[in-house]
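Trainee: Protein chains in written order, with the numbering used here: chain A, 1 to 330; chain B, 331 to 528.
Some hints here could point you the wrong way.
As the list claims (entries may be wrong) - Straight-line Cα separation of at most 25 Å, DSS-like style, residue types lysine-lysine; simulated pairs:
| id | chain 1 | residue 1 | chain 2 | residue 2 |
| --- | --- | --- | --- | --- |
| 1 | B | K414 | B | K477 |
| 2 | B | K488 | A | K41 |
| 3 | B | K375 | A | K50 |
Said to hold, decoys possible - Derived, one-sided and incomplete: chain A residues facing chain B with beta-carbon distance under 10 Å:
| id | residue |
| --- | --- |
| 4 | S38 |
| 5 | Q43 |
| 6 | L46 |
| 7 | L55 |
| 8 | S68 |
| 9 | I70 |
| 10 | R75 |
| 11 | F129 |
| 12 | F173 |
| 13 | L249 |
In short, the hints are calculated from the structure, not lab data. All C-beta atoms in this analysis are idealised placements derived from N, C-alpha and C, irrespective of residue type, glycine included.
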Amino acid sequence: MAFVTIRRAAAAAVIAVLCAVAHPSAATAQGSVNPTASSVKEQQLLDALKPDQRLSGRVSIPDPGASSLIQPEGRQFRAERDQNARIGGLAILGMLGLLVLFYVVRGKVRMDGGRSGTTITRFGFVERFTHWLTAVSFLLLGLTGLNITFGRALVLPLIGPQAFTSLSQAGKFVHIYVSFAFALGILLMFLLWVKDNLPALRDIRWFLQGGGLIGLGHPPADRFNAGQKLIFWSVVLGGGAIAVTGYILMFPFAWTDIAGMQWASVWHGLIGAVLFAVILAHIYIGSVGMEGAIDAMGSGEVDVNWAKEHHSIWTERELGKAGKGAAPAE
Amino acid sequence: MARMKFLCDADRCIECNACVTACKNENEVPWGINRRRVVTINDGKPGERSVSMACMHCTDAPCAAVCPVDCFYTTEDAVVLHSKELCIGCGYCFYACPFGAPQYPKTGNFGSRGKMDKCTYCAGGPEADNTKEERVAYGANRLAEGKLPLCAEMCSTKALLAGDGEIIAQIYKERVTKRGYGSGAWGWKTAYKETIAT
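So that you can see chain A by itself, here it is in the shape it has in the complex (with noise of 0.2 Å):
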C-alpha cells in the first residue's frame, strides 16, 4: 500500500517536472509558430523547379519512380510530339509533292547516248544483300512507324478502333525484331561503302551543276556522286541516331530516366520521318525518276554508258582495270 502511494507521488512528481519544463517553450511557440510560413507551398515549388525537373519527396513503396509527384515536362512532351508530327507529315508530304512536280517538269532522266548493250559490274551480291536487306526494314519500320505517329488520325477512322488496335499491336512487334535486321544493316553499309563516300572536292562541283538533273551535263563523280553521299550518310547517322534511340524506348528505363524516354522518343519520330523523306527521294531516282539506276542493284550490272554518265571517274578505272586484265601479255 505505502509502495504504490510512494509511486503515485514519483509519478505526479515526474509530470509536475515535464510540464514545468515544456511549459516554457509551448507559450514561446504559441506564438512563433507559423504553419501558412513553414509549409511547402505547390507553387512555390513548382516555380522554382528548372526544365526536365520533377516534383518529387519520399514515398513507402518500393518503386523510386513513384516518388515523383508531378513532372510538369509531361506536357511538354506532349507539344513535342505534336510539333514531331507537324513537321514529319510536312516534310513527307513536301518531298511526295517535290517529286511529282520534278517528274512533270523534268520527266524520266535518260541515258543521253542510249544504252550501249555492254554491262559493267556495280555491285556485288553482298553490297546488293546489304542494300535491300537495310531498305525492306526500313520500309517496315518506317510504315508501322508512321502508324504510331499518324495512324490514329489517317487509318483508324478507315477501320475502326478493333481492327486499329490489332494492327497496331501487328505493328508494334514488327516494328521491334526487324530493328535488328535494320540496325546490321546499317552497320554493314557503313563498312562495306564508308571508304567511298568520303567528302571530296568535285562533290561541290556536283551540286553546283545541279547534278547533272538540270542539263547543264554530268558533272564527274567517281563510286559514288555527292548525291548519293549524301543519302549515305543521312542513312548512316540518320540510322544509327534511329537504332540508338530507339533501343533506349525498346528498353524502358533501362539507360535512363523519365526525361530520357521522353527525350527518345521525340528524336526518334522526329528523325524517323525525315529520314523517310529523304528516302523517297533515293526511291524515286532509283526507280521512275532515272532510266538504268534500278540495274545497279537488280541484277547489280549497269550499261556502260550509264555509268560513264554517272560516275566518270569510277567506270573509267574498271574498264581500266578490266582492259589490264583482258588485255594479252606482252
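Given the coordinates of chain A, assemble chain B onto it according to the supplied hints.
Mentor: Showing chain B alone in chain A's frame:
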C-alpha cells in the same frame, strides 16, 4: 453532370497510406501497381507535407492526346478512362502524364509492358457497369452505384476529397479561411489549368 476531381488537402494528410491500401483492395490492383500513392515533400524538414496522388482526370488530358490508338475517353462526369482492349502498351501516356498515373503490369523483353492500368476514379471501364468483365479488367465501379472513390470516402482526416470540382473547392476554401493557411490544391494547376483562390 458533375465535373469530378480529386483534391488533396496536404495540411490534413497524415501519410497513413490508407487511401493506397483501400484502392488496392477495392480494385484488386495487380501486384506492383499502385494507382494511388502518398508522396512526402521535404520529408523530415520543418513544413513537410504529404500529398496523396493518383490520376487527376485532367482537363484536356495529355495521355489521351498522345495515345497512338486513341484508347482514352472522358465520361459525362469528366472522368478519364481507357480501354484495355485497345491499349497496345506503348508507354507514351506515361511519358506525357504529369502525375505518373499510367502504369504497366509487365516489364518483359523488348519493352513489352502489357495493358496500361491507372486510377479509374472507381468508375470501371468501357464494359457494361458492374459486370464481371469490367471488375476483372478495371476494378470497382462505385460511381455507377452512386458512391465516390473509396480512397477519398474512407480518408480518416478527410484530407483527400473527391466529388464535383466546385463543391470540393468550396470545402477547401472554407477550411483555409477558417484555419488561416493552406499549401494549395496540389496538381490542380497542372491538371485543370486553374487553382483555388483562397
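Trainee: With a cut-off of 10 Å, does the beta carbon of L249(A) approach a beta carbon of chain B closely enough for the hint to hold?
Mentor: Since chain B brings a Cβ to about 7 Å from L249(A), closer than 10 Å, the hint holds.
Trainee: Holds or violated: is there a CB of chain B closer than 10 Å to the CB of F129(A)?
Mentor: With a minimum Cβ separation of about 25 Å from chain B (threshold 10 Å), the hint on F129(A) is violated.
Trainee: A closest beta-carbon separation below 10 Å is what the hint needs, so does S38(A) meet it against chain B?
Mentor: Holds - the Cβ of S38(A) comes within 10 Å of chain B, reaching about 4 Å at its closest.
Trainee: Using Cβ atoms only, decide whether F173(A) comes closer than 10 Å to chain B, and label the hint accordingly.
Mentor: holds (9 Å)
Trainee: How about I70(A): closest beta carbon in chain B under 10 Å, or not?
Mentor: holds (5 Å)
Trainee: Hold the hint about L46(A) up to the distance rule: shortest CB distance to chain B must be less than 10 Å.
Mentor: holds (7 Å)
Trainee: Interface hint check: S68(A), Cβ to nearest Cβ on chain B, cutoff 10 Å. Holds or violated?
Mentor: Holds: closest Cβ of chain B sits about 5 Å from S68(A), inside 10 Å.
Trainee: Take the C-alpha atoms of K414(B) and K477(B), compute the straight-line distance between them, and say whether it is at most 25 Å.
Mentor: Cα-Cα ~23 Å, so holds.
Trainee: When you check the alpha-carbon spacing of K375(B) and K50(A), does it fall within 25 Å?
Mentor: Since the Cα atoms of K375(B) and K50(A) sit roughly 22 Å apart, the hinted pair holds (cutoff 25 Å).
Trainee: Do the numbers back the hint for Q43(A), that is, is its least Cβ distance to chain B under 10 Å?
Mentor: Constraint on Q43(A) satisfied, holds at 6 Å.
Trainee: Holds or violated: the hint that R75(A) contacts chain B, with Cβ atoms closer than 10 Å.
Mentor: Since chain B brings a Cβ to about 6 Å from R75(A), closer than 10 Å, the hint holds.
Trainee: Would you settle whether the hint for L55(A) is holds or violated, based on the nearest Cβ-Cβ distance to chain B being less than 10 Å?
Mentor: holds (7 Å)
Checked against the numbered hints given earlier, the structure breaks only hint 11 and satisfies all the rest.
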